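2 protein chains.
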Amino acid sequence: MKVAKFGGSSVADANQFKKVSNIIKEDKSRKFIVVSAPGKRFDADFKITDLLIQLGHAYLNDEKYKSYYITIMDRFQKIIEELNLTEQLLKEIENKLKNTLTSDLADHDKLDSVKAIGEYSSAKILSAYLQTEGIKAKYMNPKDAGIIVEKDASGAQLLPESFNLIYKLRDEEGVVVIPGFYGYTNDGILATFSRGGSDITGAIIAAGIKAELYENFTDVDSVYSVNPAIIENPKEIRVLTYREMRELSYAGFSVFHDEALIPAFNAKIPVCVKNTNNPSASGTMIVAKKEEKEEKCVVGIASDTGFKSIYVSKFLMNREIGFGRKLFQILEEEQVSYEHAPSGIDDMSIIVRDSQLPDDKEELIVSRIKNELKTDTVTIHRDLALIMVVGEGMKETIGMAQTATVALGKAKVNIEMINQGSSEVSMMFGIKANGLNRAIKSLYHAFFE
Amino acid sequence: MKVAKFGGSSVADANQFKKVSNIIKEDKSRKFIVVSAPGKRFDADFKITDLLIQLGHAYLNDEKYKSYYITIMDRFQKIIEELNLTEQLLKEIENKLKNTLTSDLADHDKLDSVKAIGEYSSAKILSAYLQTEGIKAKYMNPKDAGIIVEKDASGAQLLPESFNLIYKLRDEEGVVVIPGFYGYTNDGILATFSRGGSDITGAIIAAGIKAELYENFTDVDSVYSVNPAIIENPKEIRVLTYREMRELSYAGFSVFHDEALIPAFNAKIPVCVKNTNNPSASGTMIVAKKEEKEEKCVVGIASDTGFKSIYVSKFLMNREIGFGRKLFQILEEEQVSYEHAPSGIDDMSIIVRDSQLPDDKEELIVSRIKNELKTDTVTIHRDLALIMVVGEGMKETIGMAQTATVALGKAKVNIEMINQGSSEVSMMFGIKANGLNRAIKSLYHAFFE
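The listed protein sequences derive, respectively, from chains A and B. Each step along the first sequence adds one to the number in our numbering, with nothing skipped, and position 297 is 297. Each step along the second sequence adds one to the number in our numbering, with nothing skipped, and position 269 is 269.
Just to be clear, a hint being listed does not mean it is correct.
The list treats identical chains as one, so a pair stands whether inside a single copy or across any two.
Only pairs whose alpha carbons sit at most 35 Å apart, straight line, appear in this in silico DSBU-like list of lysine-lysine [stated by the list, open to error]:
| id | residue 1 | residue 2 |
| --- | --- | --- |
| 1 | K138 | K98 |
| 2 | K25 | K370 |
| 3 | K2 | K96 |
| 4 | K235 | K314 |
| 5 | K395 | K296 |
| 6 | K326 | K289 |
| 7 | K410 | K290 |
| 8 | K151 | K98 |
| 9 | K410 | K441 |
| 10 | K151 | K96 |
| 11 | K25 | K374 |
| 12 | K326 | K395 |
| 13 | K98 | K40 |
| 14 | K441 | K412 |
No wet-lab data here; the hints were simulated from the structure. Keep in mind the model is a prediction, meaning the values are calculated, not measured.
Could you build all of it, start to finish, from the sequences and the hints given here?
As structure tokens, this is what we get:
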């Protein structure tokens with residue numbers, strides 16, 4: 001039994017729905033289908049979810065909302081007409097939207113319910129279309145599927161009892177289509193996951209039914225070894241481990257947010273990234289453990305900008321038991337989450353995302369460190385980019401650091417920071433952001449060409 | 001005004017005392033002389049201080065102590081006779097020793113007082129010899145010099161009021177000879193510094209009198225760029241900054257313990273390491289800041305064995321605010337001082353000296369980390385060596401990491417760990433200890449040949 005999740009671009013218009021239907025027909029084991037809301041059809045297009053969010057805010061604030069409403073309904077009408085589905089279905093979607101807007105839910109809950117209508121509609125349309133294509137298919141509400149959650153500021157959190165409920169879905173006959181992105185609380189209130197939440201729903205269903213495979217359909221043939229915006233036609237990755245995926249997606253791999261896959265990872269279910277527009281391409285498998293050692297020990301190079309580092313030095317720091325703990329305590333008290341914290345004898349650097357340390361907080365942290373830890377120096381280094389060179393086999397291979405540093409030297413990129421050995425699957429380099437493209441090109445050349 | 005400190009080998013026998021006298025004569029600004037106890041004359045020889053410690057312990061435990069007593073007094077007698085000094089001086093030393101042993105001091109204080117007799121005697125002998133050489137010189141008790149301390153388990157700690165007292169010594173006429181290694185509490189009890197304490201006395205006097213230079217006379221021509229036990233005749237270092245010295249001496253540079261120099265460092269007094277046996281060699285200057293940029297940005301390569309690392313991994317570690325703090329808190333509670341702690345996204349390595357983590361403590365720490373932090377993995381990696389490549393100019397120089405990693409690759413040494421960027425003056429490599437000599441040879445070749 002497989003779970004297949006189709007992202008926003010896979011259900012952006014009627015033609016995409018047809019591709020999805022063909023993919024489902026092709027493999028009888030694709031039994032549980034999770035869908036996103038319709039995404040962009042072209043660069044300047046709107047995502048249905050963004051339109052719904054704007055509609056909800058405008059409605060709640062008594063602002064003009066009609067244009068959003070019409071844009072949304074026009075979009076669904078076009079899809080439904082082009083798929084030759086009944087007007088009744090369009091009415092059903094419109095009623096859902098109206099009823100939700102005028103319901104007596106609390107504002108925050110109402111907003112969540114409005115946001116979720118994109119996925120609801122995708123699932124309704126797909127299940128109806130599959131039926132016209134002669135497939136025994138049915139729509140299933142996430143509540144009936146067993147996705148029970150708790151509301152939380154950072155998005156709905158799944159309750160563990162869900163997995164047992166979801167396991168019962170195995171007895172369903174035919175194809176089951178479930179909207180992604182949301183669940184219900186025990187009180188029956190709809191609650192959405194964080195953004196990218198359809199991936200979460202897919203991973204939850206896969207874990208719950210103990211799927212043999214979780215297929216994640218997107219609009220790329222595979223996960224690439226490096227950002228295609230920097231290198232044209234980069235090498236595709238055939239197999240990745242969870243840990244490799246996590247290190248890569250940490251630093252700017254945008255296929256999906258790796259944390260969305262946690263439920264599948266925890267249940268040790270293999271994940272396959274595939275392309276709705278080219279389903280015969282083999283895609284990228286993400287697994288707990290590779291069966292064979294690969295020839296290449298580097299599988300990918302990820303990078304991201306928008307980091308700064310806090311450099312702290314104090315004479316005799318490493319003799320001062322408790323220094324590290326006190327420093328981290330200050331960060332914790334100020335709710336600053338840090339990325340890396342390489343330390344030397346008398347120095348320590350703490351790398352944070354810019355978003356974690358806006359200027360006012362930066363000032364506060366710097367002065368707390370100075371005053372409470374009596375340091376000699378606290379300085380901030382800005383405009384950093386991080387590069388992660390990732391691969392499970394790296395740890396045992398002599399010369400990996402050499403290959404990387406030689407490549408960066410050739411690109412005339414000064415290495416501000418190297419962190420190797422703390423992770424067994426990656427090597428981290430910190431450089432000035434303005435050298436990033438040069439650096440990545442040279443690293444790609446060294447490891448993949 | 002200069003302070004000159006002469007180490008144990010510089011006063012090991014009469015001939016060495018003569019060299020010291022000549023060095024003092026040569027430069028009228030060498031006004032304050034600090035001496036160690038007589039050290040080894042040859043490899044199998046005993047240091048006077050070690051003999052005194054054994055004498056003290058034997059005496060206090062009612063064991064046979066006469067042989068130590070005789071060995072010590074014979075040694076002083078030989079020095080005094082060969083320097084043609086009076087028998088009265090020998091009597092004075094012997095009385096000091098006898099009176100200390102039979103005094104009614106508490107055991108611990110008595111032991112400190114016995115240990116200090118080596119330095120006391122060196123200073124007595126040197127001042128007497130200088131007088132016979134026509135130099136106006138006098139012995140000065142550390143109490144009279146103003147070295148006021150507090151007793152502490154890790155050695156005497158200087159009280160800050162000492163510096164004002166010591167400053168008054170500037171008015172003394174002639175050469176002042178002060179025994180190193182000890183001071184007095186406000187109650188008049190003698191207390192010794194930690195081992196290497198004559199260096200501390202020298203640095204304190206230099207800071208107190210605001211010396212233009214603190215000369216540290218040893219038995220090597222200079223600080224070397226790499227351990228001479230691994231590389232024959234390595235390049236000498238002409239100028240070092242305090243920070244460079246600290247990073248080098250951290251990892252096995254044994255000229256002196258860098259922490260002994262802290263009082264001089266804090267007072268920004270330049271330190272010169274010179275050779276009593278070859279005083280015309282220019283030695284190594286250790287300064288707060290170099291006047292000119294050096295051509296070479298690497299000044300030295302230090303290394304040390306006897307490290308292990310605790311590797312901790314936990315999925316989503318970097319999202320868990322407080323993880324680092326909790327980990328360091330466990331180390332703090334168990335009184336484990338760590339050396340470096342490079343961290344990745346979901347991993348962290350903590351490098352500790354073997355001595356900090358004996359097997360029973362290791363077991364305790366591993367189980368506390370597992371239980372309290374709910375980590376996925378905690379493993380111990382043993383037999384590590386650390387290599388520090390040190391130089392103030394490194395930060396701005398492209399290709400330093402490249403040169404080092406290429407050299408290690410050539411030596412077929414696998415790099416377990418790289419930590420660059422947390423310190424502005426060093427780059428750290430962790431390797432398996434059995435590859436150390438190979439690694440150092442290759443790095444030395446790359447940076448210095």
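Going down the list of hints, with the structure as the test:
{"no.": "1", "hint": "K138 to K98", "verdict": "within (24 Å within a copy, 102 Å between copies)"}
{"no.": "2", "hint": "K25 to K370", "verdict": "neither (64 Å within a copy, 47 Å between copies)"}
{"no.": "3", "hint": "K2 to K96", "verdict": "within (30 Å within a copy, 90 Å between copies)"}
{"no.": "4", "hint": "K235 to K314", "verdict": "between (45 Å within a copy, 30 Å between copies)"}
{"no.": "5", "hint": "K395 to K296", "verdict": "both (12 Å within a copy, 32 Å between copies)"}
{"no.": "6", "hint": "K326 to K289", "verdict": "between (38 Å within a copy, 30 Å between copies)"}
{"no.": "7", "hint": "K410 to K290", "verdict": "both (33 Å within a copy, 30 Å between copies)"}
{"no.": "8", "hint": "K151 to K98", "verdict": "within (24 Å within a copy, 81 Å between copies)"}
{"no.": "9", "hint": "K410 to K441", "verdict": "both (11 Å within a copy, 25 Å between copies)"}
{"no.": "10", "hint": "K151 to K96", "verdict": "within (22 Å within a copy, 81 Å between copies)"}
{"no.": "11", "hint": "K25 to K374", "verdict": "neither (67 Å within a copy, 44 Å between copies)"}
{"no.": "12", "hint": "K326 to K395", "verdict": "both (32 Å within a copy, 27 Å between copies)"}
{"no.": "13", "hint": "K98 to K40", "verdict": "within (24 Å within a copy, 96 Å between copies)"}
{"no.": "14", "hint": "K441 to K412", "verdict": "both (12 Å within a copy, 27 Å between copies)"}
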